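> Sequence order for the protein chains is A and B. The opening position of the first sequence corresponds to residue 1 in our numbering, with each subsequent residue numbered one higher. The opening position of the second sequence corresponds to residue 1 in our numbering, with each subsequent residue numbered one higher.
Simulated from the structure, these hints should not be mistaken for laboratory data. There may be inaccurate statements among the hints.
Heads up, the list lumps identical chains together, so a pair's fine if it works in one copy or across two of them.
Okay, derived cross-link-like pairs now, DMTMM-like style, lysine to aspartate or glutamate, Cα gap no bigger than 25 Å in a straight line [said to hold, decoys possible]: (1) Lys112 <-> Glu23; (2) Lys124 <-> Glu12; (3) Lys112 <-> Asp49; (4) Lys87 <-> Asp103.
It should be emphasised that the depicted structure is a prediction, and the values quoted were computed from it without experimental measurement.
Protein chains: 2
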Amino acid sequence: MKIELENVKPAEIEKRSFEIITEELGDTHLIPGTEPIVKRCIHTSADFDYAKNLMFSEGVVEKALDAIRNGAVIVTDTQMGKAGINKRKLAEYGGEVLCFMSDEDVAEIAKKNGTTRAVASMEKAAALDKKIIFAIGNAPTALVRLYELIQDGKLTPELVIGVPVGFVNVVQSKELILSLKDTPYIVARGRKGGSNIAACICNALLYML
Amino acid sequence: MKIELENVKPAEIEKRSFEIITEELGDTHLIPGTEPIVKRCIHTSADFDYAKNLMFSEGVVEKALDAIRNGAVIVTDTQMGKAGINKRKLAEYGGEVLCFMSDEDVAEIAKKNGTTRAVASMEKAAALDKKIIFAIGNAPTALVRLYELIQDGKLTPELVIGVPVGFVNVVQSKELILSLKDTPYIVARGRKGGSNIAACICNALLYML
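This is chain A alone, in the form it adopts within the complex:
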């Protein structure tokens, strides 16, 4: 078998990828304004399921862009998610990416309370006096805790990106976020997602600015 490489210049690879995705999506319906996010998730995963499983609250894209413009910080539930976000671009608007998962106090509180570190991380974030975008790609427990904090009136996030991946309470944790009335969200319904997807949704928003 002869293996032939397509001759695409380095700077053109992403553009060409998005053309292929657009082509293969054909007339799949995407919510107007969300296309760059959906396509970047497909770009990140080569998984066209994201054309169907991504749920957007009303007007969430504009709200999220405003939050970033106003200096919102992004809180992730993995170092990997943090690593994947374009921090230079975010810094242009005064934001930064925070991840508390490796913090000693978080480990201690989680142990004391018998929770996951992700839960303790969310509590630490909720105590910040900042506009916050949560980008949750791993821990359903983080998402459940965010839901509780929001329901209790202890947290009003600018946006919840709810895309944990997996098999235990992942589906349910996302449904909890989808049930919130006044919280802007972007959620990958079902089992799929990941830190890479959380990061790429943040980047899609940053590149829309």
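Using the hints, position chain B against chain A.
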């Protein structure tokens, strides 16, 4: 709709997830010895395609474990992949994770040569006097360059994890690695993969030790 959370203790979540994956795999054939890797890829992505698309060269798992035991380093093509690998566990065997993608000299050489930074990173890695496991989850250009270096006798890696994701030359770059006769590889055939998959294959190996 009532959303009911499954009552699983934090420490049990991963175990329960692997049980569900095993259950749903049913009698899907997996190559003996590769099960922990395949299942961890599914765990990381909630995508059962990995039960079929992962290709293993003959005896690769034992070779990879030996390489780690002998202090091999892991070279990634993204900071995100580096972030996702259990560096503490790797350090127990004397290894470390290296990623040259943000290095200034790599950016300069890439610019000078009109290549991607990923290509320049692979060249920098090839010049190391170390046993190397390459964990490539993003850049097909990195994989193509590795293929060339191996063909030219300039590089003898312990293992090539070839799991870039995407649409331009991704499929082809993986087929090049699959065509190598004497190079241990783990490759996700087709378009799928990612830095998360690259990291999780490394972790699956580490957890088998």
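> Each hint should be assessed against the structure and marked as holding or not.
Hint by hint, here is what the structure shows:
{"no.": "1", "hint": "Lys112 <-> Glu23", "result": "neither (52 Å within a copy, 34 Å between copies)"}
{"no.": "2", "hint": "Lys124 <-> Glu12", "result": "between (41 Å within a copy, 24 Å between copies)"}
{"no.": "3", "hint": "Lys112 <-> Asp49", "result": "neither (39 Å within a copy, 39 Å between copies)"}
{"no.": "4", "hint": "Lys87 <-> Asp103", "result": "both (20 Å within a copy, 16 Å between copies)"}
The structure does not agree with the numbered hints 1, 3 stated previously, though it agrees with the rest.
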